[in-house]
Amino acid sequence: MHLTDDDIIRSISAHSPEGIEALYDRYGGLAHTVALRILADRGAAEDVVQESFLAVWRRGSTFQPGRGSLRSWVCTIVRNRAIDRLRGDLHRTRLDTPIEGQTIEPAVTDPWAAVALELSGEEVRKALAELPLEQRQTIELAYYGGYSQSEIATKMEVPLGTVKGRVRIALDKLRASLADRLEAPWQMQ
Amino acid sequence: MADAVNCDEAQDLLALDAVGALEPGERAQIERHTATCPTCAPLAAQYVDVVSLMSAALEPVPPPARLRRNLMAQVYAEASAAETNPWWRRLVAAIPASRGMTVLGVAAVAAAVILGFWGVAGRGSAAAPITYVVSGSTSQPLVTGSVTLDSARTQAVLTVHGLAPLPASEVYEVWLIPADGTPTGVAFLSPDPADHDWTAVVNGSLERFETIAATNEPVGGSSAPTGSQVLSGHLGPS
Chain A
1 MHLTDDDIIR SISAHSPEGI EALYDRYGGL AHTVALRILA DRGAAEDVVQ
51 ESFLAVWRRG STFQPGRGSL RSWVCTIVRN RAIDRLRGDL HRTRLDTPIE
101 GQTIEPAVTD PWAAVALELS GEEVRKALAE LPLEQRQTIE LAYYGGYSQS
151 EIATKMEVPL GTVKGRVRIA LDKLRASLAD RLEAPWQMQ
Chain B
1001 MADAVNCDEA QDLLALDAVG ALEPGERAQI ERHTATCPTC APLAAQYVDV
1051 VSLMSAALEP VPPPARLRRN LMAQVYAEAS AAETNPWWRR LVAAIPASRG
1101 MTVLGVAAVA AAVILGFWGV AGRGSAAAPI TYVVSGSTSQ PLVTGSVTLD
1151 SARTQAVLTV HGLAPLPASE VYEVWLIPAD GTPTGVAFLS PDPADHDWTA
1201 VVNGSLERFE TIAATNEPVG GSSAPTGSQV LSGHLGPS
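Sequences listed follow chains A and B, in order.
Numbering of the first sequence is given in my numbering, commencing with residue 1 and proceeding in unit increments.
Numbering of the second sequence is given in my numbering, commencing with residue 1001 and proceeding in unit increments.
Okay, chain B solo, but in the shape it has when bound (with noise of 0.2 Å):
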């Protein structure tokens, strides 16, 4: 058992305690003096809020928006998974998420969703996917292509053909616009090799936007479109 501390033995481990600085087994000492201590237990929130303040001071640095994007991307995959939870599900869960999609993961998000369709169809158990036509904006006038939303309505795959190769400091980012709104980023075109076609898995229900667009942005994506509209489609019945 951990030696009985004082109020102020616990204080300074306290301190010790939110700046991460304790010794192994100070921790027991500290939990069983602010147990019964009315004194020194709230200070313990105190001292973690204080030194957390502490990063206000730092020159903060934005994370680039692929950050939020692979984030997003894992949490919602997760989160359909968790709904339904077929093998094709934890296939997309299973994506690595840590450097974005790879152009393999795309690829086999893709075959995992196709196959799920062809899955959930066979079954014939639930609503259809749907499927929205996307065309080239007049800076890349031949693009073709399409975004299907999946039967669960939480995730859509964008496929397009026709796209210009682009240069290796850019990349083709995906927004999804509401009707009087601003544009929101949700997911990079990565191409495949094998067909020249591009694809992008958008996670979340495309309810409440009215259109799907790409541009041309830096490495990395912007945290609004700043290059080229190349494609859109609108989200509705044609």
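Excised from the complex, chain A in its bound form (with noise of 0.2 Å):
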């Protein structure tokens, strides 16, 4: 039987072991995808995997629709504690990924839901390649760096007003560009 992710959040909602286990099927190879190319470590890699989604059946009810799809709620969880653990600051609470208090509901409808299992890695990676090089690296540095903008200022020698510039109009362009290989009706700012 296929889940869609709006039957997968309910089942997480309802605190159901088949929910976790639909959610790690469904996004599992990617989280974990995720977490080995923050890490480079297999075994560091399992451990964050694993923690990721014993935090989501455990806390359960932290996903909000309006906050991206739960492709991107998984991401963003994985990511965090991927990072915690490289900065070896593992007792830091992650202020972007909140951890308990709303209920669960539901997502809407959501076109870059439909966006993510629509595109193949190589549509992606080329959207990726037309970004110029320094747009490319400073979001890198940030999403699987775990940098701040300070730090990638820093580290790239620029002032942080270009650092800002350079991750918006990146992901502006992302956002167009994977937009129209899928001719999605998203309207742009």
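Because the hints were derived from the structure by calculation, they are not lab data.
Treat the hints loosely; a few may be bogus.
If you want the footprint, here are the derived chain B segments under chain A, 3+ residues with CB under 8 Å [unchecked claim]: (1) 1131-1140; (2) 1163-1176.
Label-pair distances were calculated between CB atoms; the ranges are [said to hold, decoys possible]: (3) S1205(B) with R42(A): 43 to 49 Å; (4) G121(A) with H1161(B): 36 to 42 Å; (5) A1028(B) with T154(A): 19 to 25 Å; (6) R125(A) with H1161(B): 30 to 36 Å; (7) M156(A) with A1224(B): 45 to 51 Å; (8) A129(A) with A1152(B): 25 to 31 Å; (9) L3(A) with P1167(B): 36 to 42 Å; (10) S13(A) with D1180(B): 52 to 58 Å; (11) S13(A) with T1138(B): 57 to 63 Å; (12) D1180(B) with S16(A): 24 to 30 Å; (13) S16(A) with P1141(B): 49 to 55 Å; (14) K155(A) with L1166(B): 46 to 52 Å; (15) H2(A) with R1027(B): 18 to 24 Å; (16) G121(A) with E1023(B): 30 to 36 Å.
Nothing here was measured: the structure is a model prediction, and the numbers come from that model.
Every residue, glycine too, gets a C-beta built ideally from N, C-alpha and C.
Now that you have both chains on their own, put them together as the hints suggest.
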């Protein structure tokens, strides 16, 4: 039986082990790939993935549909834990991953969830390759390296404003590029 | 109170937030702005989603099978604990899962479940555990054993005697097989150095499965059986 992301969210909300099982079966591979990209250590990546899914199981209802797709939520949790691990800062609570309080809700129809399902890795690689090198390096230093904007500015020897500009322009270009490839009815700002 | 930002500044911060590059204190500025700005509020989710798509460009690295086993063993153990929560359940849930079950851990689980059975039977308040017989296959005909399903029907312990020792590069992986379906890997057998028995804890209901079996597989397990079948048992009335 094929479960939609909404089905999985409902199941997690009901604190069902099957919900975590379905979440892992759908996004465990992605989570492992992201954790391994950040940590470059198989054992540490496995630990982070297991901790991330256990955190979802134990804390449950923190998914907020207004903040992105289920896929993005999983990526964010895993990425943040991996970065914490990378920094050896296991006790820091990430503000961008709320850990309790909210009630889980089914996601509204999300065009980017469809984008994620339909885009191939090659298409995303192509979109990234179209970015100027410095823009791609900036977003990768932040997302996979865990550097803050000021740390990136120091590392790349550019003003803070340049880092801000590069990140925003890069994401706007990616957004436009990926939406174009799918001919998604996307309203750009 | 954080300084107010305009849409242009807020969108810079939203993009930085999506890649995790905000400085401390900047989140408050975003939240104050997006709380009242219909233009910028939906942009937050769009940036987060587009950043998560970056991971699609990575070469996928499938996780080892043991990761799923360990995760779900922990989840089912905690689910059982939440249902009934006696002390022996809490013991099961307390077993570390980040690096697979240790021999000691498996022994503790087995002891806990057995004590649980004893405690439940002593109170006479729940269904009796169910035991099924397992036996060796042609590759290891001297193998004997049993799988005992707990009274809550949510966890079973497989105990096997007579299995041959394995090289360090292999494990015995346990599979549940439905009547007309694909085997599902559910656990690894661990040796008890004291009495040469092997045990595995299987979490979840056995209801939809007809057969339990074990094969030798590479360390970390396989997504489907690849090695020799060493034992099997019918999960139903004999």
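Do the hints match the structure? See the list:
1. 1131-1140: violated (count 0)
2. 1163-1176: It is violated: at least three residues are needed, and the region 1163-1176 of chain B offers just 0 whose Cβ sits closer than 8 Å to chain A.
3. S1205(B) with R42(A): 43 to 49 Å: Check failed, 32 Å falls outside 43 to 49 Å.
4. G121(A) with H1161(B): 36 to 42 Å: 48 Å, violated
5. A1028(B) with T154(A): 19 to 25 Å: Roughly 24 Å apart at Cβ, these two residues keep to the hinted range, so it holds.
6. R125(A) with H1161(B): 30 to 36 Å: 53 Å, violated
7. M156(A) with A1224(B): 45 to 51 Å: Since the Cβ atoms of M156(A) and A1224(B) sit about 47 Å apart, the hinted range of 45 to 51 Å holds.
8. A129(A) with A1152(B): 25 to 31 Å: Cβ of A129(A) to Cβ of A1152(B): about 54 Å, so the range 25 to 31 Å is violated.
9. L3(A) with P1167(B): 36 to 42 Å: 39 Å, holds
10. S13(A) with D1180(B): 52 to 58 Å: Violated, at about 32 Å.
11. S13(A) with T1138(B): 57 to 63 Å: 48 Å, violated
12. D1180(B) with S16(A): 24 to 30 Å: 25 Å, holds
13. S16(A) with P1141(B): 49 to 55 Å: About 41 Å separates the Cβ atoms of S16(A) and P1141(B), which means 49 to 55 Å is violated.
14. K155(A) with L1166(B): 46 to 52 Å: 48 Å, holds
15. H2(A) with R1027(B): 18 to 24 Å: 37 Å, violated
16. G121(A) with E1023(B): 30 to 36 Å: Holds: the Cβ-Cβ distance is about 32 Å, inside 30 to 36 Å.
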